[in-house]
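Asks: So the sequence lines, in the order shown, correspond to chains A and B. So for the first sequence, this note's numbering puts the first residue at 72; every next one is plus one. So for the second sequence, this note's numbering puts the first residue at 72; every next one is plus one.
These are computed hints drawn from the structure, not numbers from a lab. Heads up, a few of these hints could be off.
Which copy is meant is left open, because identical chains are indistinguishable; a pair holds if it fits in one copy or across any two.
Here are the computed lysine-lysine pairs in the PhoX-like style, where the Cα-Cα straight-line distance is at most 25 angstroms [as the list claims (entries may be wrong)]:
id, residue 1, residue 2
1, LYS163, LYS87
2, LYS155, LYS179
3, LYS96, LYS464
4, LYS394, LYS265
5, LYS378, LYS124
6, LYS322, LYS464
7, LYS270, LYS124
8, LYS109, LYS429
9, LYS124, LYS220
10, LYS270, LYS378
11, LYS394, LYS100
12, LYS266, LYS179
13, LYS372, LYS96
14, LYS361, LYS322
15, LYS179, LYS270
16, LYS230, LYS109
17, LYS124, LYS322
18, LYS322, LYS270
19, LYS194, LYS266
20, LYS394, LYS351
21, LYS372, LYS266
22, LYS322, LYS266
23, LYS87, LYS109
24, LYS87, LYS433
25, LYS361, LYS429
26, LYS194, LYS96
This structure is a prediction, so every number in the text was calculated from the model and none was measured.
Chain by chain, the residues run as shown.
Protein chains: 2
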Amino acid sequence: MKTQIDYKKELEAASKGMIMIHDPKLLIKLIVRTIVHKVQVRHAGMILHDPNKNSYVLKISRGQTGVKVPADFARFDNNNPIIKLFTQNEFKSLINHRNAILTEDINKLIFGETLLDPQNGAKDLLQQVMSQMQMLNTVACVPAYYQDKLLAILLLGLKNDGNRFEQEELNFFGALASDAAMAIRNAQLFEDLKKEAEKNRDLFLRTTIVLASTIEAKDKYTHGHTERVTNFSLAIARQMVANGSANFPPKFFESLYIAGLLHDIGKIAIPESILNKTGKLTEEEFHIMKQHTLRGVEILKPLSEFKDSLEGVKYHHERYDGKGYPEGLKGEGLPIIAAIIAVADTFDAMTSDRPYRKALTKAAAIEEIKKNIGVQFHPKPARALVELFEQGKL
Amino acid sequence: MKTQIDYKKELEAASKGMIMIHDPKLLIKLIVRTIVHKVQVRHAGMILHDPNKNSYVLKISRGQTGVKVPADFARFDNNNPIIKLFTQNEFKSLINHRNAILTEDINKLIFGETLLDPQNGAKDLLQQVMSQMQMLNTVACVPAYYQDKLLAILLLGLKNDGNRFEQEELNFFGALASDAAMAIRNAQLFEDLKKEAEKNRDLFLRTTIVLASTIEAKDKYTHGHTERVTNFSLAIARQMVANGSANFPPKFFESLYIAGLLHDIGKIAIPESILNKTGKLTEEEFHIMKQHTLRGVEILKPLSEFKDSLEGVKYHHERYDGKGYPEGLKGEGLPIIAAIIAVADTFDAMTSDRPYRKALTKAAAIEEIKKNIGVQFHPKPARALVELFEQGKL
Chain A
72 MKTQIDYKKE LEAASKGMIM IHDPKLLIKL IVRTIVHKVQ VRHAGMILHD PNKNSYVLKI
132 SRGQTGVKVP ADFARFDNNN PIIKLFTQNE FKSLINHRNA ILTEDINKLI FGETLLDPQN
192 GAKDLLQQVM SQMQMLNTVA CVPAYYQDKL LAILLLGLKN DGNRFEQEEL NFFGALASDA
252 AMAIRNAQLF EDLKKEAEKN RDLFLRTTIV LASTIEAKDK YTHGHTERVT NFSLAIARQM
312 VANGSANFPP KFFESLYIAG LLHDIGKIAI PESILNKTGK LTEEEFHIMK QHTLRGVEIL
372 KPLSEFKDSL EGVKYHHERY DGKGYPEGLK GEGLPIIAAI IAVADTFDAM TSDRPYRKAL
432 TKAAAIEEIK KNIGVQFHPK PARALVELFE QGKL
Chain B
72 MKTQIDYKKE LEAASKGMIM IHDPKLLIKL IVRTIVHKVQ VRHAGMILHD PNKNSYVLKI
132 SRGQTGVKVP ADFARFDNNN PIIKLFTQNE FKSLINHRNA ILTEDINKLI FGETLLDPQN
192 GAKDLLQQVM SQMQMLNTVA CVPAYYQDKL LAILLLGLKN DGNRFEQEEL NFFGALASDA
252 AMAIRNAQLF EDLKKEAEKN RDLFLRTTIV LASTIEAKDK YTHGHTERVT NFSLAIARQM
312 VANGSANFPP KFFESLYIAG LLHDIGKIAI PESILNKTGK LTEEEFHIMK QHTLRGVEIL
372 KPLSEFKDSL EGVKYHHERY DGKGYPEGLK GEGLPIIAAI IAVADTFDAM TSDRPYRKAL
432 TKAAAIEEIK KNIGVQFHPK PARALVELFE QGKL
């Protein structure tokens, strides 16, 4: 006895949720797998419209007997015979009655009693379609349209039971192909938009790096300082999470990254004569120099939604004992993002050569940091830095 | 005679293409309109899950008799009786047999022979549901689930013909509500992603503005110069399109905007002593000053995909007669983006006060520009600027 398939139910089951899958590759795999498994054909594939290139691509071929081609390998332009057959009005009468073209149809059309219009090259085209279908190991091509536009062609191999396709089955495939094509298009649009969002984010971050680099173009003592402070800061924050002294959300690391890059941006507004002075600064010069924290916040005002990052810029010269600037914040009143940068900034300054003194060794700098835990430095980031040193990670 | 509706066909027609509509508001309108018109109910509405707030929102109510509430006005949390009825397992037996709840069902359940479990408060809940449905002027609530999650509830008013809803109709509404809810969710995700892409783009542009502002923090003579050059450049380009001398794609205006903002960014690397010198520069100082074009390109290397913008930065001191710098490009060999900025830059410099000379009037500056058309300036942007002046648009 022949087992009957409830096509309506199968279609609903197969289509349901397709729209929620936004990974085009995964979606196409699922759709073709559904066809192969549920509908019992030896293999199935899909030719999909690529709106970016206005051509068609063989996306996947799956099953025991399908032609194995790498994804996106085979492209079909509008002159491809199969595409022509399904898109050009003069040929539509050849397929209208079945919503599909089968190799058996082609044989009947070429060798049968119905006379083909000799004017429009239908016979030639059908012979070309036949040879393409044989190449693709396909016995039925089922088109899917949306608003008269050919979105996809489903390619079917022989049925597992060796029987011919029935009209009910072809109608089912047509509906499935159409749902599938729209879901795939939807997923592709989704992917495009996601890529655009990521690209724009990357652009923002790269512009931030450019912005940070302007300080180094001015201040000859800071070569590489910005990058090192950023890296030390991120390492300290990770270590604070690792040793259980803090629990930062992923967004914090982004804020810290931006704050690290831009912590000294206000120096752009400090006169070069002070910035690059080799000797000790006078009291007045130091007073001007200290303004770089607030000038930084001023410069970054257009990015004020990065509240945490701006706090890092503003308060990275505050001290745990309240003797820092610009506000003399104290103890736990100090934003942790600023406390982290303060440790990273001081450590990098101590371990870098300056014209008026040689760099300390890392070990000596760590000793200095240790002595100042709870005095100049917030204990949590300072201890994290010491741990990183002890673990050989600095 | 009662007209029969082919529900399967209606469902296909209504669902088809929903996935291609990515504006949630439009999509919801279309769906509710479809229900009201095709299915002949007096009004319909939809309560939709809002994943961002983990609650439900009455999105729209449409028809002759529906409760008129502003979109997003009515929120339903998880304690709302209707939401509870469709989400809590202990109440599911109350609706299982019909895939919906109707006021007539509730009356039967409360006053009928079936005994309600007195333990779980079903009776109380049903009474609350009834009063909510009366408030919403609804006789049937049809839930839509995706992977066991309540996505939406379709609210139906009375049928136009006054008859009761039949089970076949309710099944149809259930399938439609489910397709609709997924399409709406899809559209919402799309909108979120689009907003994110736009937000990130905006962030990039604002960071570019911050970057541009760093020059003004250094160079005291350029206050407002960057912004004015950018605006003049855009006006010139628009005028070139208006007078038919050029045909720029939209992307060009973005490149020009960025190039205008950043054309002098390389000055950040020029010593303040030269940048802010009040007297005439020595030959050597001028040699250093001229490097700002190439230093600009160097600083902007991380943004090298903005090829046009970088050409604007690099070549905005080239002259049409080939006597400019850094490369002495000549005539049509000059990138048009740079030629535009050159005109805008010179015009703004001439009409601004400098310590060693007073500003020219606009008319005098325009005379200077005119004299130099085809000499210092590319004729197309120079003529466009003259036209803007003559039209009183400067």
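Asks: Against each hint, give a clear statement of whether it holds in the structure.
Replies: Okay, the hints, checked on the actual structure:
Taking the shortest Cα distances, LYS163 and LYS87 sit within 25 angstroms of each other only across copies (22 angstroms), while inside one copy they are farther apart (30 angstroms). Taking CA atoms no more than 25 angstroms apart as the test, LYS155 paired with LYS179 passes inside one copy only; the shortest distance there is 19 angstroms, against 61 angstroms between copies. Taking identical chains as interchangeable, the C-alpha atoms of LYS96 and LYS464 are never at most 25 angstroms apart, the minima being 40 angstroms within one chain and 53 angstroms between chains. Within a single copy, LYS394 and LYS265 get their C-alpha atoms no closer than 47 angstroms, and across copies no closer than 47 angstroms, so neither meets the 25 angstroms cut-off.
In this assembly of identical chains, LYS378 and LYS124 lie within 25 angstroms of each other by CA distance solely across copies; the values are 23 angstroms between and 43 angstroms within a copy. Proximity of LYS322 to LYS464 under the C-alpha cut-off of 25 angstroms is restricted to the intra-copy arrangement: shortest distance 24 angstroms within a copy versus 46 angstroms between copies. Taking the shortest Cα distances, LYS270 and LYS124 sit within 25 angstroms of each other inside one copy (21 angstroms), while across copies they are farther apart (28 angstroms). For the homomeric pair LYS109 and LYS429, neither the shortest alpha-carbon distance inside one copy (75 angstroms) nor that between copies (84 angstroms) is at most 25 angstroms.
In this homomeric assembly, LYS124 and LYS220 come within 25 angstroms of each other (Cα to Cα) only inside a single copy, at 15 angstroms, whereas the closest approach across copies is 38 angstroms. For the identical chains of this complex, LYS270 and LYS378 are neighbours both inside a copy (23 angstroms) and across copies (16 angstroms), given an alpha-carbon limit of 25 angstroms. Taking identical chains as interchangeable, the C-alpha atoms of LYS394 and LYS100 are never at most 25 angstroms apart, the minima being 63 angstroms within one chain and 62 angstroms between chains. For the identical chains of this complex, LYS266 and LYS179 are neighbours neither inside a copy (48 angstroms) nor across copies (54 angstroms), given an alpha-carbon limit of 25 angstroms.
Taking the shortest Cα distances, LYS372 and LYS96 never come within 25 angstroms of each other, neither inside one copy (42 angstroms) nor across copies (35 angstroms). Taking identical chains as interchangeable, the C-alpha atoms of LYS361 and LYS322 are never at most 25 angstroms apart, the minima being 29 angstroms within one chain and 42 angstroms between chains. Proximity of LYS179 and LYS270 under a CA criterion of 25 angstroms is satisfied in neither setting, with 53 angstroms inside one chain copy and 58 angstroms between copies. In the homo-oligomer, the alpha carbons of LYS230 and LYS109 lie at most 25 angstroms apart inside one protomer (11 angstroms), although the nearest pairing across protomers, at 39 angstroms, exceeds that limit.
In the homo-oligomer, the alpha carbons of LYS124 and LYS322 lie at most 25 angstroms apart only across protomers (20 angstroms), although the nearest pairing inside one protomer, at 37 angstroms, exceeds that limit. Proximity of LYS322 to LYS270 under the C-alpha cut-off of 25 angstroms is found in both arrangements, the shortest distances being 18 angstroms within a copy and 16 angstroms between copies. With identical chains, the CA atoms of LYS194 and LYS266 are never at most 25 angstroms apart, being 45 angstroms at best within one copy and 52 angstroms at best between copies. When the C-alpha separation of LYS394 and LYS351 is checked against a cutoff of 25 angstroms, the pair qualifies only within one copy, where the shortest distance is 20 angstroms, while the shortest distance between copies is 46 angstroms.
Proximity of LYS372 to LYS266 under the C-alpha cut-off of 25 angstroms is restricted to the inter-copy arrangement: shortest distance 22 angstroms between copies versus 28 angstroms within a copy. Taking the closest pair of Cα atoms, LYS322 and LYS266 come within 25 angstroms of each other both inside a single copy (20 angstroms) and across two copies (18 angstroms). Proximity of LYS87 to LYS109 under the C-alpha cut-off of 25 angstroms is found in both arrangements, the shortest distances being 15 angstroms within a copy and 23 angstroms between copies. Proximity of LYS87 and LYS433 under a CA criterion of 25 angstroms is satisfied in neither setting, with 61 angstroms inside one chain copy and 67 angstroms between copies.
Taking the shortest Cα distances, LYS361 and LYS429 sit within 25 angstroms of each other inside one copy (23 angstroms), while across copies they are farther apart (36 angstroms). With identical chains, the CA atoms of LYS194 and LYS96 are never at most 25 angstroms apart, being 36 angstroms at best within one copy and 49 angstroms at best between copies.
Consistency with the previously given hints fails for numbers 3, 4, 8, 11, 12, 13, 14, 15, 19, 24, 26, ordered from lowest to highest.
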